[in-house]
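In terms of UniProt numbering, the sequence shown opens at residue 1 and continues consecutively.
Simulated from the structure, these hints should not be mistaken for laboratory data. Hints are supplied without guarantee of correctness; some may be wrong.
[Said to hold, decoys possible] Capping the alpha-carbon separation at 35 Å, the derived lysine-lysine pairs in DSBU-like fashion look like this: (1) Lys87 - Lys49; (2) Lys61 - Lys49; (3) Lys58 - Lys73.
All of these numbers come straight from a predicted model, not from anything done at the bench.
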Amino acid sequence: GSESYTEGGAADQAAQASRKQKKGGNSKTHLPYEGKDVMFTPSNRGRPKLILKHYSFKRDKGDSTKTYWTCDKFSKFKCRCRAITYKSGQITVNEYEHNHPPDMK
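Just need the whole structure built from these sequences, with the hints factored in.
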């Protein structure tokens, strides 16, 4: 009865802890972006900028098949939202939500 419940609970907690440790600070989970509010525009300095739902991303790195984008507000707000654009036209966004309001310019 209660002994197996306690053992199971401890096992569940251990499993959750190990999942959190594996995940670490660098998230690999990206979700498809299906929205229509997508725009590519140059920044004030002429660098590529991606805008999704009024949130700006700056180009981080890329290769011939995909480009990685970092939230424009990373340095100011430590926002961890990231996006990847693929040559095929697909866009994915990681599971982090923006921790600041959108740009409404």
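We went through each hint and held it up to the structure:
1. Lys87 - Lys49: 16 Å, holds
2. Lys61 - Lys49: Within the cut-off at roughly 12 Å; holds.
3. Lys58 - Lys73: 9 Å, holds
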